[in-house]
Amino acid sequence: MAFEYEKYLRPGKLPHIWCPGCGHGIVMKGLIRAMDTLKLKKEETALVSGIGCASRLPGYIDCCTLHTAHGRAAAFATGVKLAKPEMNVILVGGDGDGTAIGGNHFIHACRRNINMTYIIMNNYIYGMTGGQFSPCTPTGHKASTTPYGNPDPGFDIAKLAIGAGATFVARGTAFHANQIDKLIVEAIQHKGFSVVEILDDCPTTYGRRNKYKSVIEMMNRLKEVAVPVKAAEKMTAEQLQGKVLTGVLYKDETKPEYTAEYAKVIERATAAK
Amino acid sequence: MEKTLPKIEIIEKYCKGCHICVEFCPKDVLEMKGFYASVKNLEACIKCMQCELRCPDFAIKVITE
Ligand SMILES: Cc1ncc(C[n+]2csc(CCOP(=O)(O)OP(=O)(O)O)c2C)c(N)n1
Ligand code: SF4
Ligand code: SF4
Ligand code: SF4
Ligand SMILES: [Mg+2]
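For the record, the sequence lines run as chains G and U. Numbers 193 to 465, taken from my numbering, label the letters of the first sequence in order. Numbers 17 to 81, taken from my numbering, label the letters of the second sequence in order.
Since the hints were made in silico from the structure, they are not lab data. The structure displayed is predicted, hence computed values, not measured ones. Hints are not guaranteed to be accurate.
Subject to a maximum C-alpha distance of 20 angstroms in a straight line, what follows is the list of computed EDC-like cross-link-like pairs (lysine to aspartate or glutamate) [claimed, not checked]:
#: 1; chain 1: U; residue 1: K63; chain 2: G; residue 2: E196
#: 2; chain 1: G; residue 1: K415; chain 2: U; residue 2: E28
#: 3; chain 1: G; residue 1: K405; chain 2: U; residue 2: E39
#: 4; chain 1: U; residue 1: K77; chain 2: G; residue 2: E198
#: 5; chain 1: U; residue 1: K77; chain 2: G; residue 2: D228
#: 6; chain 1: U; residue 1: K49; chain 2: U; residue 2: E28
#: 7; chain 1: U; residue 1: K63; chain 2: U; residue 2: E39
#: 8; chain 1: U; residue 1: K77; chain 2: G; residue 2: E459
#: 9; chain 1: G; residue 1: K205; chain 2: U; residue 2: E28
#: 10; chain 1: G; residue 1: K199; chain 2: U; residue 2: E25
#: 11; chain 1: U; residue 1: K29; chain 2: G; residue 2: E198
#: 12; chain 1: U; residue 1: K29; chain 2: G; residue 2: D228
#: 13; chain 1: G; residue 1: K415; chain 2: U; residue 2: E39
#: 14; chain 1: U; residue 1: K23; chain 2: G; residue 2: E198
#: 15; chain 1: U; residue 1: K23; chain 2: G; residue 2: E196
With the hints as constraints, model all of the structure from the sequences given.
Here is the structure:
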């Protein structure tokens, strides 16, 4: 049966602002299906974002939403979670928002292992502002600010998150649409800071400059580079050249969670009065 | 058992003409007609829902019993 996305959307908001073929819409649908699978209540769910095309997502969804300052979703979300630890707090945003201006907030949310889920839509570019390179733009690729090719190596968001202390890290792609909700469901169920990176496409500012003739070519690239972690186990280093692992990449259920630790601090401080 | 066909609804006021549903349908059920996606050969549809899942714009629905 056709999925009823309408019951999670604010009425009258469609069509959304994203360009034809932009993967952000595919990710939003995945998030909605995940919310439905988990039967998240609107009043107990907060969607928090910074600034960017990806960060416009919360505006469409009918639940508690916060559209904040560029790169600051993790800071605002941490405030929400500490004030109301019983809430499901989900952060959404782009690679620029999360790893450039918001990189510091991102790594510290990982380090704290606070029980929130961060969905990061990585289209390798600052889409909203016209295609400046981001910390995720691959070496050699073109952006409006690197017309002769980007000299920087790009971040691997998943490795960054694992290194900084996140306890659940997964990766999917906008092409593999039916996996997106499953990864988000697992991430939300995990007690700790969970990161879901979705490799995405920005045909308008990235594809055009990097010789992708169409949205379809960009989708085909996502299809070709993705290798599920299980399949990768049976592949040689040579076969994995240029590939990107997808699925659940990391999970640690032993590390203390921040709101629980903070509750203990409150208890100790109250007893000491 | 007789094969039941779904109803495929394309909401033109949402469709942005990106071609995703058309290109990735495994059975070549859909086509672009002018700017919008359109149903070409409903008989071939296997109700895999790939088009509905991938449409970034909430513009295509595969309605099955
Ligand atoms: C403090 C501040 N600096 C810069 C900007 C300009 N700005 C808006 S969105 C953006 C980048 C967004 O890129 P990303 O997060 O990757 O989202 P996308 O648009 O690619 O989805 C920038 C630099 C801003 N809004 N605020
Ligand atoms: S500019 Fe890029 S990221 Fe922004 S809506 Fe268009 S395709 Fe999507
Ligand atoms: S449900 Fe599957 S077979 Fe039917 S039109 Fe959509 S993609 Fe094609
Ligand atoms: S995927 Fe959606 S927006 Fe794109 S052509 Fe098909 S119906 Fe239209
Ligand atoms: Mg981006």
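| task | Quickly compare the C-alpha distance for K23/U and E196/G to 20 angstroms and report which way the hint goes. | result | holds, 15 angstroms
| said: Hint check: K29/U vs D228/G, CA-CA at most 20 angstroms. Holds or violated? | reply: violated, 25 angstroms
| said: Please verify whether K63/U and E196/G have alpha carbons no more than 20 angstroms apart. | reply: Holds. K63/U to E196/G sits at ~16 angstroms (cutoff 20 angstroms).
| Does E28/U lie within 20 angstroms of K205/G when you go C-alpha to C-alpha? | Roughly 15 angstroms separates the two Cα atoms, so the pair holds.
| query | Given the hinted pair K77/U and D228/G, is their alpha-carbon gap at most 20 angstroms? | reply | holds, 17 angstroms
| field | 20 angstroms Cα cutoff - pair K23/U, E198/G | value | Holds. K23/U to E198/G sits at ~18 angstroms (cutoff 20 angstroms).
| query | Quick one, are K29/U and E198/G close enough, alpha carbons at most 20 angstroms? | reply | holds, 15 angstroms
| CA of K415/G to CA of E28/U, is that 20 angstroms or under? | Distance of about 27 angstroms is beyond 20 angstroms: violated.
| Is the straight-line distance between the alpha-carbon of K77/U and that of E198/G 20 angstroms or less? | holds, 12 angstroms
| query | Are the Cα atoms of K405/G and E39/U separated by 20 angstroms or less? | reply | holds, 14 angstroms
| Taken at face value, is the distance from the CA of E459/G to the CA of K77/U at most 20 angstroms? | Measuring from Cα to Cα gives roughly 52 angstroms; hence the hint is violated.
| query | Is K415/G within 20 angstroms of E39/U, Cα to Cα? | reply | The given pair, whose Cα atoms are some 13 angstroms apart, holds under the 20 angstroms limit.
Violated hints, listed in ascending order, are 2, 8 and 12; each of the other numbered hints is respected by the structure.
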